[in-house]
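A.B. asks: Below, each chain spelled out in residue letters.
There are 2 protein chains.
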Amino acid sequence: MNPLAIGFADVEAAAARLAGVAHRTPVLRSRTADARTGAQLFFKAENQQRMGAFKFRGAYNALSQFTPAQRQRGVLAFSSGNHAQAIALSARLLDMPSVIVMPQDAPAAKLAATREYQAEQPGSEVVLYDRYREDREAIGRRIAAERGLTLIPPYDHPHVMAGQGTAALELVDEVGTLDALLVCVGGGGLISGCAVAAKHRLPDIQVIGVEPEAGNDTQQSLARGEIVHIDVPQTIADGAQTQASGQHTFPVIQALVARVLTVSDAQLITTMRFFAERLKQVVEPTGCLAAAAVLEGAVDLRGQRVGVILSGGNVDLARYAQFLHTTHLETR
Amino acid sequence: MNPLAIGFADVEAAAARLAGVAHRTPVLRSRTADARTGAQLFFKAENQQRMGAFKFRGAYNALSQFTPAQRQRGVLAFSSGNHAQAIALSARLLDMPSVIVMPQDAPAAKLAATREYQAEQPGSEVVLYDRYREDREAIGRRIAAERGLTLIPPYDHPHVMAGQGTAALELVDEVGTLDALLVCVGGGGLISGCAVAAKHRLPDIQVIGVEPEAGNDTQQSLARGEIVHIDVPQTIADGAQTQASGQHTFPVIQALVARVLTVSDAQLITTMRFFAERLKQVVEPTGCLAAAAVLEGAVDLRGQRVGVILSGGNVDLARYAQFLHTTHLETR
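Quick mapping for you: the protein sequence lines, in order, are chains A and B.
With numbering that gives the first Met the number 0 as the guide, the letters of the first sequence map in order to residues 0 to 331.
With numbering that gives the first Met the number 0 as the guide, the letters of the second sequence map in order to residues 0 to 331.
Source of the hints: derived by calculation from the structure; they are not laboratory data.
From the three backbone atoms N, C-alpha and C, an ideal C-beta is built for every residue, glycine too.
A portion of the hints provided could be inaccurate.
[Unchecked claim] With beta-carbon atoms standing in for the labels, derived distance ranges:
hint	chain 1	residue 1	chain 2	residue 2	range
1	A	Pro202	B	Val174	38 to 46 Å
2	B	Gly296	A	Gln69	40 to 48 Å
3	B	Gln103	A	Leu127	48 to 56 Å
4	A	Gln233	B	His22	37 to 45 Å
[To be verified] Far from chain A, some chain B residues (derived; all Cβ distances over 10 Å):
hint	residue
5	Arg16
6	Thr66
7	Glu133
8	Ile142
9	Val231
10	Ser263
When you get a sec, could you build the whole thing from the sequences and use the hints?
C.D. replies: See below:
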């Protein structure tokens, strides 16, 4: 009996569904980063994934398993941004309507991109809410029930988790043995899928999660042995402003993740600047979490071969420009 | 008799010297760019080359052909930036001293990077000059003569030209048939090498040069049938602030380049923003020249397969942040 929501076969099946649809993103190296950390770092550039983040993998994997009846009525999603775009794009590719519940203060670029993906798909729309006062899950479930839409949550769904795991599967299959894998943690969709894939291929690999300092709910949950809920964390890592791990993701994290570290917003900004200056890559704040842990010294991985997921690159250019222009922390 | 400074065999030999030393940079695609232009665009990402620009190819190809005596004394280069870093890095890799003559107002990032590459190499230094009042060639030649250094100019040298051509060779060998190739033009080192490589592999390909509006000396030279000298052009494309094509590069351009187009600084900024937002790539202003021509409509290549060289990604982050933050043209 497998007590976890997904197994390796689910990730493998997701990889087959995504073949030729998702990008096989490049693995980037940096002599400077290796020299600074004493490790060999392999950056999986999911900022170059379709719609700019790993989220496409999980969304497409979930939507491609809809029944014809589900497909006809469409999908509903609530998301702080990248999951929204991922669902909207996947829905368009699979020719179904999408309704996206997004926070009013979501990055403008993510809102615009979501609407762009929906533009040619009848019955599609964006519904806005106030994330500091309203409960997105309640709103989402109400609309889904009213319109007969299938709700796909941003992380706590086996098909979503399995899809995200294909990022680690590709990385491991491309670079071979790794001693450690660093993955950002929001609700745990990415790290749970990646942990299942990585630990199957490399049983000795240490899977390490990284959260923003202000939003270390998963770190607390692991220490407590149960899911801890926190207030909406104030961090520039908008993709990791989750309040708790999921019912499906947390047991996988408990079983397969060695530990969870945290980094500060200031460290995220330094890391964003590093990627712009040295690797010529635009990486969003959340996308810098895993890399910041090793580049900014939250963990010493000297002598190890280390996979690092750069989870996405979707950031308002005006805000990104602010990050590049200053090393000081912007309060938000 | 081959009247041109280089032939295809020179590019091929350069490729062999660069194998395992230079990065084989990725070729990027963009559905958005293809949809907007009606063409199939293949972006050769030389912003991901070592030291952040194609210039490494030519510099390393030249320095690796030094005699032991030349190598012992070292190399001298004058450059507005990327050639400087390319020479400094190549000299370090080949264990020889480098003296770099750079303008006082070169981007701080390029100056710092050059000094960083030189740091471990005894006898190496940066010499600054005023590019609006002094003649860098005169300064360079004087120092080279005094210290017995071999001068490697930024573009007008067969070994440099042949090295740069390997960028187009890799692109063509990776993507197959192309109808057109867009290449930025400063002194003509990149486009001459690329034209030799591309026209050998694909005799029917149209090689198109792109200059900044303010610095269209090559366009003027082709119209006049002889090398035209202009004042130092005021443009954000600092890598194309050249005053004239070279004695070696111009005949190649005359023989193999179909035409030269121009784009404005405002179009370069729009293109820089496009690469940050859509492809998550940091591309410097000069590196956007070729792409801007097709993305901003200076040329209609509908229905064609088009190679586009993104020549580099070295830009001061503070300045880059300004470009991203506004669509208005910054005067310089």
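A.B. asks: Could you run down the list of hints and mark each one as holding or not?
C.D. replies: Here's how the hints hold up against the structure:
Under the hint 38 to 46 Å, the C-beta atoms of proline 202 (chain A) and valine 174 (chain B), about 39 Å apart, fit the expected range. The hinted range of 40 to 48 Å is satisfied by glycine 296 (chain B) and glutamine 69 (chain A), whose Cβ atoms lie roughly 43 Å apart. Between glutamine 103 (chain B) and leucine 127 (chain A) the beta carbon distance is about 51 Å. The supplied range of 48 to 56 Å therefore holds. In this structure, glutamine 233 (chain A) and histidine 22 (chain B) meet the distance hint of 37 to 45 Å, their C-beta atoms being roughly 40 Å apart.
For arginine 16 (chain B), the non-interface assignment is confirmed: its Cβ lies about 20 Å from the closest Cβ of chain A, beyond the 10 Å cut-off. Separation of threonine 66 (chain B) from chain A is adequate, the least Cβ-Cβ distance of about 29 Å exceeding the 10 Å criterion. Every CB of chain A lies more than 10 Å from the CB of glutamate 133 (chain B), the least distance being 30 Å, so the non-interface label holds. Interface exclusion of isoleucine 142 (chain B) from chain A stands, the closest Cβ pair being 30 Å apart, more than 10 Å.
Under the 10 Å C-beta cut-off, the non-interface status given to valine 231 (chain B) relative to chain A holds; the minimum distance is some 27 Å. Listed as outside the interface, serine 263 (chain B) is consistent with that label: its C-beta sits roughly 20 Å from the nearest C-beta of chain A, beyond the 10 Å cut-off.
Checked against the numbered hints given earlier, this structure breaks none of them.
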